[in-house]
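Asker: Whenever a hint applies, use it, and build me the whole structure from the sequences.
2 protein chains.
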Amino acid sequence: MNLKHSTILTILCLGIQNFLIAQENIATKLGYSPDAKLLIIHADDLGVSHSENMASLRAIAEGSVNSASVMMPTPWVTEVTEYAKANPDTHDFGLHLTLSSELKNYKWGPVASANEVPSLLNEYGFFHEACRTDLNLEEVEKEMKAQIEQAYSMGLSPTHFDTHMGCLVQTEELREVYLKMGQQYQIPVFVLNQFISQEQKDQYDVRVVVDEMYTMQPDDFNSGVADYYTKVLQGLKPGLSLILIHTAYDNEEMKGMTVDHPLWGNVWRQKDYDFFTSEACKTLLEESDIKLVTWRQLKEAYYD
Amino acid sequence: MNLKHSTILTILCLGIQNFLIAQENIATKLGYSPDAKLLIIHADDLGVSHSENMASLRAIAEGSVNSASVMMPTPWVTEVTEYAKANPDTHDFGLHLTLSSELKNYKWGPVASANEVPSLLNEYGFFHEACRTDLNLEEVEKEMKAQIEQAYSMGLSPTHFDTHMGCLVQTEELREVYLKMGQQYQIPVFVLNQFISQEQKDQYDVRVVVDEMYTMQPDDFNSGVADYYTKVLQGLKPGLSLILIHTAYDNEEMKGMTVDHPLWGNVWRQKDYDFFTSEACKTLLEESDIKLVTWRQLKEAYYD
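In the order they appear, the protein sequences are chains G and Y. Reminder that position 71 of the first sequence reads as 256 in my numbering, one-by-one numbering, no gaps. Reminder that position 272 of the second sequence reads as 457 in my numbering, one-by-one numbering, no gaps.
Keep in mind that the hints were calculated from the coordinates and are not lab data. Where hints are given, some of them may not hold.
Given that identical chains are not distinguished, each listed pair holds provided it fits within a single copy or across any two copies.
Said to hold, decoys possible - Taking lysine to aspartate or glutamate pairs in the EDC-like style, the calculated list, with each CA pair at most 20 Å apart, reads: (1) 476 x 220; (2) 440 x 267; (3) 270 x 308; (4) 289 x 267; (5) 416 x 474; (6) 416 x 472; (7) 327 x 301; (8) 386 x 361; (9) 330 x 308; (10) 270 x 445; (11) 222 x 474; (12) 365 x 334; (13) 416 x 464; (14) 289 x 308.
Answerer: Structural data, given as C-alpha cells:
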C-alpha cells in the first residue's frame, strides 16, 4: 500500500466513522449495534378505502410491514381508528397529513369547517387534486391541527406525522407548518436528513431524522417490483432507512378508485402487498441482517 | 242479485270510479289510459359506494330500474355526477336528501360548512347515525339547500327529491322543510298521498303524489325476495306506484360497508339487483301491463 492509497483509506475510514458516530444514537438507543441497518417498512394511505385498510392491516399482522399512516379526512378512517382503539399498544399508526384529494371519482374534504379553510378547497368543497403552493398558511395550520385533534378524539394516538403526496414539503413555508406540528405535539415528523439544516432541527426541536428513503417510481414498477425491492433491501446501508409503500387488494373498489390513475393504482398496490407479505421478503430481511424498527420506538426513545 | 248486493256493487263501482278520476290526470297526462298501472322502480343511495353506483347504473341500463336518487354528501358522488353530465337527457336522477351517516366504519358529513350545521353532526363532524327529531330546522334547511346547490354546480339537474332513511318526514316540521325544497326548486318531492293533506298540497304547491309505495322489509327478505317482488308486481293497482330498492354488488367493499348491518346490507342489495335485472321481472312487468314512468316525465308534465 503506497501513501496515496493509505491516505484514501484513512479518509474513507474517517468518513465511515463519522457516519457511524452520527447514527450511533439511534441504533444504540434502540438497543442495536451502532452500525445496524434499521428499517421502517411503512404503508401510506390508511383510511382511504376498505381494500387499503384490509390489505394493510393484514400486511402488518402477517407480512413485513411494521408501520403505517392514516388519512383523517378519508371516508374509511373510522375502520382504522376502531382497530387502533382495539390494539392500543401494538399498532404503529401515524397521521398522513392530507391536503389533496387526487382521485377522479372519489373525493374527500377537510376536517376543519369548509368556510375556515377556503384556500385548501376546490369549488365543490373537496381538497384540490394536486399539491398547491398558494395555500393560505394559517388555513393549512388550522386544517393540520383539526386532523391531529380529530385523531386523538377518535381514539388514535399518532406515533408520527408524515405528508400525503409530500404536499407539506413543497415550499419552505409549508415545511415550517409541518415541522411545527411535530414540535407542538411532541411527535416525530418524517423528514430526510439531507433536507433539513441543523438550524431547523434546533428551531423545531426535531430529534430524529431518516437517513434514506426508498419509494417505488414508475420506472421501477415497469422493470419489476420484486427486483426493485430486492435491490433496496440487499443494498440497505447502516443508519435509519424507510421504505414507503401502498398496500391494497386489486379489487373492484380499488379499480374504481384509481381509474385513470395507473401510477400508484390498483395493480401497483397489489404488487406492493404481494412483495411485503412474501416469504422472499422475510428471508431477505433476515439474510441482510436488517432490524425493523417502528416510529413508536423512536417516539418513545426521543420524545416521551 | 238482491237489493243489498246491488247497493254494495254500486258503492264499490263508485269507489273505483272516484279513484280513477283522481288518478286520471297523471295517467292521461303521460299518455296512458286513466286506469293504467304506473310504476317507478327506484334505486336509492347512489353515490354511497362504487359497488352501489356500478350495480345501479347497470340495473338502469340493462334491467328494469328506471329511476334513482343520489346522496350528495357521499364519497362516490362524483362518479354519478360525471355520468349524469355525460347522459344529460336520459338519466332520471333525483336527490336522496341526506341527514344521516348510518354505517359503522364508513362515514360522511355535511355539504354545508360543519360550523354552520352543528345540530346535524356528531362529535366527529359526521352526520348522526340515526334520524333525529331534535335538529335545528334552520340548519336542516341550510344543509338541504347546500346539497341541492352542490348537485347543480356538479352538473346534475335533479328530477325529484326524496329523503334518505325518511329522516325528513320524521316530524311535521321536518316534513315542511322537505316540501318547501320542492316548492322552491319547482321539483317533485316523493310523498305518499295518504300522508299529505290537501291544505299542505296547496301550501307547498305539491302537484304530484304517489299512491302506493312498496319497499322490502326484513320479513319479506327472509321469506324470499323474488316472491315478495312478484306479489307486488302482480298485485299492483291502477294509479302511481313506486318500488324503493337498493342495488349493489355483494363484494368486499359492500361487505365492509355494511358490516354489522345485515338489513339493507350486502346480500340484501345484491338480491335487489338480481331481481330487477332478471328476465322474470321484465316478463312480469309485461304480463301485468305495468307502465314504467319516470320522475322526469312527471316533472316535465307538472312543473316545467
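Asker: Give a verdict on every hint.
Answerer: Each hint, compared with the structure:
1. 476 x 220: within (11 Å within a copy, 79 Å between copies)
2. 440 x 267: This pair counts as between: shortest inter-copy Cα distance 17 Å, intra-copy 26 Å.
3. 270 x 308: The answer is between: 17 Å across copies meets 20 Å, while 35 Å in one copy does not.
4. 289 x 267: between (28 Å within a copy, 10 Å between copies)
5. 416 x 474: within (14 Å within a copy, 69 Å between copies)
6. 416 x 472: The answer is within: 13 Å in one copy meets 20 Å, while 67 Å across copies does not.
7. 327 x 301: Cα proximity of residue 327 and residue 301: in one copy and across copies (8 Å, 17 Å).
8. 386 x 361: within (11 Å within a copy, 59 Å between copies)
9. 330 x 308: Between. Shortest inter-copy distance 16 Å satisfies the 20 Å Cα cut-off; intra-copy 23 Å does not.
10. 270 x 445: between (35 Å within a copy, 18 Å between copies)
11. 222 x 474: Within. Shortest intra-copy distance 7 Å satisfies the 20 Å Cα cut-off; inter-copy 75 Å does not.
12. 365 x 334: Answer is within: at 15 Å inside a copy they meet the 20 Å cutoff, but 38 Å across does not.
13. 416 x 464: within (16 Å within a copy, 56 Å between copies)
14. 289 x 308: Close inside one copy (15 Å), not across copies (29 Å); limit 20 Å.
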